[in-house]
Amino acid sequence: MRAMIKKELLQLRRDPRLIGLIVVMPLVLLILFGVALKLEPQNVKMAYVDKDHSYFTDLIKTSLWTDGYFELYEVTSKAKIIEEIRAGRAKAGLYIDGSFSELLTENKQPHVTFYVDGTMPSLTTAMKYQSASTTDESVTNDMYFSDPDAPNIVIADTPFIMDTQVLFNPDEKETWFFLPGVIGVLIMQIALILTGITVVREREKQTLEQLLVTPISKTNFIIGKLLPYVLIALLDFYFILAVGWGLFELPQPSSHLLLFVLALVYVAVMISLGLLISLFAKTQQQAMFIAIFIIVPSILLSGFIFPLEAIPEAVRYISYMIPFTYFVEIIRGLLIKQTLLIDLLYAYGALLGFVVVFVTGSIMKFRKTL
Amino acid sequence: MIHAAGLTKCFNGHTAVNAISLDIAKGQIFGLLGPNAAGKTTTIRMLCGIIEADAGEILIDEMRVAQAKMGFGYVAQSFGQYEELSVWENLQFYAQMYGVNDEQRLHLLLQRYALEPFKDQMAGALSGGYQRRLALACALAHDPKILFLDEPTAGIDPVTRKLLWDDFYQLSAQRKTLFVTTHYMEEAQRCHQLAFMAAGNMIATGTPDTIKEALGEVKVYTTQTPYLPALHHVLRESEGIVLINQFGTELRVIVKPEVTLTSLENIINDVIDQPTPLQISEPNLEDVFIALTQDKAVTA
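Here the protein sequences line up with chains A and B, keeping their order.
Our numbering applies: residue 2 is where the first sequence begins, and numbers increase by one.
Our numbering applies: residue 78 is where the second sequence begins, and numbers increase by one.
Note that these hints are calculated values from the structure, not bench results.
Note that the Cβ used here is the ideal one computed from N, Cα and C, for glycine as well.
Hints should not be assumed to be uniformly reliable.
[What the hints assert, rightly or not] Below, computed lysine to any residue pairings styled on SDA-like, alpha-carbon distance capped at 20 Å:
hint, chain 1, residue 1, chain 2, residue 2
1, A, 369, B, 148
2, A, 366, A, 202
3, A, 283, A, 199
4, A, 369, B, 118
5, A, 219, B, 148
[What the hints assert, rightly or not] Sample of chain A residues facing chain B (criterion: CB under 10 Å; computed from the structure):
hint, residue
6, 38
7, 41
8, 207
9, 208
10, 211
11, 213
12, 214
13, 215
14, 216
15, 365
16, 368
17, 370
Construct the entire structure; sequences and hints are all you get.
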């Protein structure tokens, strides 16, 4: 047994790249997650309509601003608020009717509507909690004694009522929160592992040597390696989706065509990324590690579980370098928010960009020599 | 048909192949000989274009390697076919990589290498000998003019080895050029042209007959004796001894011309009571091979 242990350790020591991965990967991820993973969102974009424009409504807005939690910007109508959230430009909204001050002073408890994007579970909860603080005494205190000369006529416990409206997922179904993203995670895992070993295996089994002698061009080699896996992963995508529809009442997409385009492009991103991994790795073991190195931060930094708004600005650009981020954005848009294509175009464009970069990278990295 | 000049390859500062040159005519069976780590595989891989040479020029059929790929086939030292594909699927795959779809031709290849009965068997399940046949069939699928074979008979039984060599002669008769690396002497004997490599250098070239001249002026004596360590020791210590080679009960001693029969006899008589008389012989390829490589090792 000692001989066996010694042999295994010696083998590990001879693979410096693997040691690098074992040591560097946890270190990088730990620091990254330590810095990036926060539950408290910052500067959540909030579209608001304030028809009252009074001292009182300013109090509400200021309280939302000051914690650094929300970043408010004005839009023209109630419909616009929902549109902004649907498009993904805002995650929250605030509507204050023109009669606010009037009703407040008459102690008729005016209603203020707070809109929340219901597609982000943790964000929704956090925002609801945060918005509730606007009815705290510190804010409402000034409403009771707004006019030092006037008698305090406010009787109600709270001077105004904050109605929270969870958009797109009014019942806050967990399956709606997570399932669309889970499909992407599964496809990412399948695709990266599937193609991650494809070239390394040929290298290890020494079939690559025989293959390189043939007159096949670099492009044909890469495309020939990609296409079958793209097809398989695409079928897998729909298989997983079908199970999701069958078992968990996953909503139907706003457009089947757009969903198909998403599936195709996303699968192509992951398969080509897998191939790129395979070209960089020297052993199948290394390929697996690199794949995990990509999968874990993808899940945690993409806004799939933790809101993007909770990731500090300084590291958020990493989130935008993760293809899965755009997948999450689009799939939620298509299945739950019914987002318009125009508002998803940049995300589609980003995914397509990844395909181009990864495929070109693969062709450039691939050498027709051993 | 195959031309290389000044071919050099270094790995991590170690020169694996040092400025070798060769010219091989059409229809020849060219044998590249050398001990392990002499640089044979590196050379054949450079010629096939799967390792980039650091320096030197290669022309295959008057073309650069990348342009000449349709014109040659290659059988690597290790089994490079797909284990999880059947014999037929492997053959078809390699044919199609060269744009060949002629099934008739592939069937003939299967017959030629007695692979027809194993057509649907997975390549991984074949015995070593049949894997080698499959590799050859795959390399020939596109009917190349040149065949590069890296130790094609290593680990192959003598019967199959003979069959393969019969086949190589047939291919040569069809005006195909064969480039074979080997360290089997009886195979070297079968080649039309030979080149000896040691420690990355080309140290001798010629036909199996003329290459013996590379040893220079030597005399070969043989005697019948079992292996005696003491005798070997004494001989090694003596002046003018080029090589001592024991074949079973035959001892071959290759000496420089100045060593006389009597002086050698005297050395042997000191160790053995009643030695069988020394016979004068000719150097064989193995003598040349070992003498040249050990020479190289000494000077290097």
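A quick look at each hint next to the structure:
Distance hint between residue 369 of chain A and residue 148 of chain B is fulfilled; the C-alpha atoms sit about 17 Å from each other, no more than 20 Å. Proposed proximity of residue 366 of chain A and residue 202 of chain A is supported: the alpha carbons are some 17 Å apart, at most 20 Å. Under the criterion of a C-alpha separation no larger than 20 Å, the hint pairing residue 283 of chain A with residue 199 of chain A is consistent with the structure, at around 12 Å. Under the criterion of a C-alpha separation no larger than 20 Å, the hint pairing residue 369 of chain A with residue 118 of chain B is consistent with the structure, at around 17 Å.
Taken as a hint, the residue 219 of chain A and residue 148 of chain B pair is honoured in the structure, with Cα atoms around 19 Å apart against an allowance of 20 Å. Interface restraint check: residue 38 of chain A against chain B, minimum CB-CB distance 43 Å, threshold 10 Å, status violated. Contact between residue 41 of chain A and chain B, as hinted, is not supported at the beta carbon level, the nearest pair being about 52 Å apart and thus beyond 10 Å. With 10 Å as the threshold, the beta carbon of residue 207 of chain A comes within range of chain B, its nearest partner Cβ sitting at about 5 Å, so the hint holds.
For residue 208 of chain A, the suggested interface contact is upheld, since its CB lies about 5 Å from the closest CB of chain B, less than 10 Å. A cut of 10 Å between beta carbons decides the hint on residue 211 of chain A: the least distance to chain B is about 3 Å, and the hint holds. At a threshold of 10 Å, the smallest CB-CB gap from residue 213 of chain A to chain B is about 5 Å, leaving the interface hint in force. With its C-beta approaching chain B no nearer than about 4 Å, residue 214 of chain A sits inside the 10 Å limit, and its interface hint holds.
The interface hint given for residue 215 of chain A holds, since its Cβ lies 4 Å from the closest Cβ of chain B, which is under the 10 Å cut-off. Against a cut-off of 10 Å between C-beta atoms, the interface hint on residue 216 of chain A holds, since the closest Cβ of chain B lies about 4 Å away. A distance limit of 10 Å between C-beta atoms decides the matter here; for residue 365 of chain A the minimum to chain B is near 16 Å, and the interface restraint is violated. At its closest, the beta carbon of residue 368 of chain A sits 9 Å from a beta carbon of chain B; the interface hint therefore holds under the 10 Å criterion.
A hinted interface residue such as residue 370 of chain A counts as satisfied when its beta carbon comes closer than 10 Å to some beta carbon of chain B; here the least separation is about 5 Å, so the hint holds.
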